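Undergrad: So you can see what is in the structure, the chains are spelled out below.
2 protein chains.
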Amino acid sequence: MKASQFLISTLKDAPADAEVVSHKLMMRAGMIKKLGAGIYNYMPMGLRVIRKVEAIVREEMNRAGAVELTMPVVQPAELWQETGRFDKMGPELLRIKDRHDRDFVIQPTSEEVVTDIARQEIKSYKQLPKNLYQIQTKFRDERRPRFGLMRGREFIMKDAYSFDRDQDAAKASYQVMAAAYRKIFDRFGLRYRAVAADSGAIGGDLSEEFQVIAATGEDAIVYCPDSEYAANMEKAEALAPTAPRAAAQAAMKRVATPGKSTCEDVATYLNLPLAQSLKSLVVATDVRDDKGAVVKSQVWLLLIRGDRSMNEVKVGKLPGLADFRFATLAEIDEHFGCEPGYLGPVGLKKPLKVIADREVALMADMVCGANEVDYHLSGVNWGRDLPEPDLVADLRNVVAGDASPDGKGVLAIERGIEVGHVFYLGTKYSKAMNATFLGENGKPQFMEMGCYGIGITRLPAAAIEQNHDDKGIIWPDALAPFTVVLCPISPDRFADVKAAADTLYAELLAAGVDVILDDRNERPGAMFADWELIGVPHRVTIGDRALKEGVVEYQHRRDTEATKVPVAEIAGLLLSRLKA
Amino acid sequence: MKASQFLISTLKDAPADAEVVSHKLMMRAGMIKKLGAGIYNYMPMGLRVIRKVEAIVREEMNRAGAVELTMPVVQPAELWQETGRFDKMGPELLRIKDRHDRDFVIQPTSEEVVTDIARQEIKSYKQLPKNLYQIQTKFRDERRPRFGLMRGREFIMKDAYSFDRDQDAAKASYQVMAAAYRKIFDRFGLRYRAVAADSGAIGGDLSEEFQVIAATGEDAIVYCPDSEYAANMEKAEALAPTAPRAAAQAAMKRVATPGKSTCEDVATYLNLPLAQSLKSLVVATDVRDDKGAVVKSQVWLLLIRGDRSMNEVKVGKLPGLADFRFATLAEIDEHFGCEPGYLGPVGLKKPLKVIADREVALMADMVCGANEVDYHLSGVNWGRDLPEPDLVADLRNVVAGDASPDGKGVLAIERGIEVGHVFYLGTKYSKAMNATFLGENGKPQFMEMGCYGIGITRLPAAAIEQNHDDKGIIWPDALAPFTVVLCPISPDRFADVKAAADTLYAELLAAGVDVILDDRNERPGAMFADWELIGVPHRVTIGDRALKEGVVEYQHRRDTEATKVPVAEIAGLLLSRLKA
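These protein sequence lines map, in sequence, to chains A and B. In this text, residue positions in the first sequence follow numbering that gives the first Met the number 0: the first is 0, and each later residue adds one. In this text, residue positions in the second sequence follow numbering that gives the first Met the number 0: the first is 0, and each later residue adds one.
The hints are simulated quantities; they were obtained by calculation from the structure and are not laboratory data. Accuracy of the hints is not assured; some may be wrong.
What the hints assert, rightly or not - Short derived list, chain B residues pointing at chain A, Cβ under 8 Å:
| no. | residue |
| --- | --- |
| 1 | F5 |
| 2 | L6 |
| 3 | R98 |
| 4 | I116 |
| 5 | D332 |
Since the model is a prediction, treat every value here as computed from it, not as a measurement. All residues carry an ideal CB built from backbone N, CA and C; glycine is no exception.
So that you can see chain A by itself, here it is in the shape it has in the complex (with noise of 0.2 Å):
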């Protein structure tokens, strides 16, 4: 590709709306035009490295034995009703209307329509087992789209769909396309994490999610360093302290706190470790009738050391707590007959079930609150001072230090960007949209399904977040949009410049280099800020006196200078170099 055929577009300044460092680079680079809220042209630049994604992933789909098809955009509210997301889902799903006023929806996933495909083409066990996929534009109506296309509404994503005859099947379909991904995101050149994930109601270990590590990631993800082990924050186990319950030290004591409600508050003023503080934290739930109107509700206590968070998820795993919400202020006021900041577990007005977290029930001389608006106690011990809790639980989010699950070592935290998610479904679906086949005892029987995304147009914002320095961005070969630019110095003043990159441009094409040349004529400095801002990865100058030496001048993004490379030598150390 020659520069002055291509549309290069770059930006001193990123619009204000900018806020995460891709969003601000892919708008500066050209990447991406903003067209409305969330919705992105895909500019020619930009189009390269998402094309680099789609082909990388495609082939390892289909040699991980998937089947590419394409489900339309715009899909008939009739299936989505079948499985009752129509309805269930919120204003994300974009409802649409058509000039018949039926009922349409833009596709965010394609659970729906894939499954009514396999209930049709797939009538025995025979034809299992099937992995379907599709690399094809989707909407999700965000109420709040931002930072580019990390959180866009309109992207593309690749979906994809296994069906198998049993749970072993399926298991083993997980596995095929877990290996795949891992190949896929090695293959991008990126750091990234394959983390286990909460598989929510349908249980079990198959949920994992292919984080690229970047300090700016959303998510948390918990590792091992010393092991396999890596987990994302909501999934990783906080394990029971080895050391057993110390003895209790301290008598029980009532003390002053006045206005201190928050454990740091009460830490600090009483001059304790936060680490002997109890959080307690009221939640309830509620039991429905037919109509899901409110029966009866229960109200539970949990207990966290002061200086940990709560798991939601882990707590909603709970027997009976699946559906859990925190209590309302006429709950508290009815169980501890006092407002939050000052509860604990000592003295209720009126019992409930208390669920301490692993670590809170080998603690001793606890400081929790005392039942009554600005006191706490002091020295609290289970069995001397309080029942021991109903049921200890891992309640809380681990923290770098905790002892690794796998007993290997312990956890460190760092942060991701989601791009990827491999997920056992199970029978959810195909049950809720009757998909059987027959199976080899001649009875009909549901699909066991999984499904398997990945973010194309996320993946390189999701790179640059990972990749870039204060001159812009810095690709990994597989994803850049050109792997090799040639900048002639003045081609247009000095014939043996002009001749000496036309040459090696023809040279490089021929060998098969996705290269640019740079024939623009702009000034060296401006030229060299465009491509930096790009972040193409190699870059060849070509000026008349390096020439007159008999060299160009070589560089990577990376490099901070650039090396002086014999011309006959060139291209093979381009060849080399991208082969590695």
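Since chain A is already given, all that's left is putting chain B on it; use the hints.
TA: Chain B in isolation, oriented as in the chain A frame:
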């Protein structure tokens, strides 16, 4: 690809709503699957064809210097309001509202968005010319979607838009595209014609349709077998007869024609050639004020020969007739004092402008209505019985045998399916959206535009309309979902068959051939029927008996019989056939 890994799903019968052969065959071959009216899943077998179309189009567009980008499917209404199309377009423009009640459209085409991009990105004449294109999902909410991918609601289109500094440059860009389209259509391997088309209000001759020839085509294509001339019916000029007007031979006579209100009935009743009769068509135009109210109307009489049909596009191009309509009964009565069926240009109640077709102006002894129910006039002659017409013009559709407008023979007519269009737009959109650039003189100038479409998903349907037989589809090599299919007979029973098939499969794959190995263990009859229906052009059958003779059987989809080919030669034969 191995068939067992792919999704092959053929049907014995087409669904009842499939009317045309391409729709039937694409459904039966499992290439598409209906999701709703005019909305189809592109199934794996069909998607492969679509991807091949895309790849050829993309390669030639890039080669012609066009630059690919992707514009959103969901587009904010504001830009469509700028050009007025948001209000002007009918319900085929699918309008939607997002969660904030803001208006959007699903793109049916992208002139507005691309012009918006150009007016921001292109500042100077130095950046011109530019040609931007996308291959992207479109939606047109057709009132009556039908014929499968031929007239769907959701479809894929390649739409390109050129931007130039002046008309000459725009015309050059147009010619580059027209040439690229010829290369594209040549590569598809289809019989097609590029036909001159009407360019609407913009004028000029820069509009060509690319029509795939098919007996079932919706459009009539006019061409000259002895020259390069080709045009669509709207555009094809009917020359004036070269012979002068014959002398009057008959006297004008009022003849009773009871109940005979059509030219055909009158000619039969009077036993005169239909070509001697006149068809009187009464049209009107309205002059409107600023608010759109009709200020005054004018009525016109158009005369064409009784055996001809009126060409509305040609009539609309006559001075003053741009927005003509057919006259009302009241207007007809006002000028003719008679009801339709017996109208004629002689003895008008109130005078009006008479426009005669070129043929009509040279007729003698004509038959026309007498402006009296149940009566006609015969022996009517210009000059003697009525004044010469106010205007003589080309008003009619050409017929086969008419002289070619280029003077090089006579016209023939065949039918075609429009799958591409190149069109010079001028400044229609750049003026509406104020898309200017700084010209060489430092002053802002409107961009000159062109637009260029190819119906990516329509093309496979057109290819099938052209290439099929009673067994199924016959793909040209370039479009086939697979170019070669290997059919081993009972490979589970004959190890040599399996081995030979696997060896040939590996050899062809290594040579880059798009081959599928049918490893489904189907009976030969069912297997052959599937591949004949799907239309893979080259088939190799590998059977135990033939292998013992050292041969396999090759059959092109158009061959009636298979040919025995030595095992050692089959790969070479296929490769040479695929190159040809």
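Undergrad: Against chain A, run the beta carbon of L6 of chain B and see if the smallest gap drops under 8 Å.
TA: For L6 of chain B, the interface hint holds, since the closest Cβ of chain A sits about 5 Å away, which is under 8 Å.
Undergrad: Double-check F5 of chain B for me: the hint is only fine if its C-beta lies closer than 8 Å to a C-beta in chain A.
TA: This interface hint holds because 6 Å falls under the 8 Å limit.
Undergrad: Tell me if I116 of chain B is really an interface residue toward chain A, meaning its C-beta lies closer than 8 Å to one of theirs.
TA: holds, 6 Å
Undergrad: For the hint on D332 of chain B, does the least C-beta distance to chain A fall short of 8 Å?
TA: With Cβ-Cβ at 38 Å, over 8 Å, it is violated.
Undergrad: Was the hint right that R98 of chain B lines chain A, CB cutoff 8 Å?
TA: The hint holds - R98 of chain B has a Cβ within 8 Å of chain A, the shortest such distance being about 4 Å.
Checked against the numbered hints given earlier, the structure breaks only hint 5 and satisfies all the rest.
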